[in-house]
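Sequences listed follow chains L and C, in order.
Position 110 (the first sequence) corresponds to 262 in this note's numbering; numbering is contiguous.
Position 92 (the second sequence) corresponds to 325 in this note's numbering; numbering is contiguous.
Be aware that one or more of the hints could be misleading.
[As the list claims (entries may be wrong)] With a straight-line cut-off of 20 Å between C-alpha atoms, the simulated SDA-like cross-links for lysine to any residue are:
(1) L:Lys263 <-> C:Glu341
(2) L:Lys201 <-> C:Ser264
(3) L:Lys263 <-> C:Gln270
(4) C:Lys247 <-> C:Ala271
(5) L:Lys263 <-> C:Glu277
(6) L:Lys220 <-> L:Thr207
(7) C:Lys290 <-> L:Glu247
(8) L:Lys260 <-> L:Val163
(9) L:Lys201 <-> C:Thr334
Hints in this document: simulated from the structure, not taken from any laboratory.
In this text the structure is predicted, and so the values were computed from the model without any measurement.
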Amino acid sequence: AQSVTQLGSHVSVSEGALVLLRCNYSSSVPPYLFWYVQYPNQGLQLLLKYTSAATLVKGINGFEAEFKKSETSFHLTKPSAHMSDAAEYFCAVSERSGAGSYQLTFGKGTKLSVIP
Amino acid sequence: GAGVSQSPRYKVAKRGQDVALRCDPISGHVSLFWYQQALGQGPEFLTYFQNEAQLDKSGLPSDRFFAERPEGSVSTLKIQRTQQEDSAVYLCASSLGGPLTGELFFGEGSRLTVL
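Work out the full structure: start from the sequences and follow the hints.
Here you go:
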């Protein structure tokens, strides 16, 4: 089974600074990878996904992520943080469940705070 | 509404009580998923429906958990004889296609507290 590791349960950045949220997965097979965001009192929302096309994936709100097979990583970045980016971010990977269907396995999440 | 709707948003149950959580997916979405999110953890898969068929229930933690989607739209997650370890946020998601695409639309969740 795969696992998803998000380094840092809480990350703080200053407004305008680079945002870097780390995600590593364990797999010998290139997976489908996703980043979801959860704003306060809202449901999870898909930010971007990697499905074996371009390794650099662009998502909504200026976020992007790069798939690096050699490092088994899929880190999320944004050049300049905005106050509205404060939320919890989840990395996820698709993998076969116990019954054989593909389902999402999520990391534990990283809470991003943006300091004015 | 345009999004996935879940009710109740908050539920407090005494240990041993039965609870039912409802999910109203986006109209026309074939796939429906239930996830459990414990405090400080990411969502964990419980079960998956394609229309009315429950194709995968491998994530249900015990036989006290039961889910149905009889007409292929609204779904109910039932937990019998609730235990304290069942306290969590239960998330429902729907998608137009199958789970591999990963583009799931989530509801706001039902927060269950078992005393």
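**Prompt:** Which of the numbered hints above does this structure break?
**Reply:** Every hint satisfied by this model.
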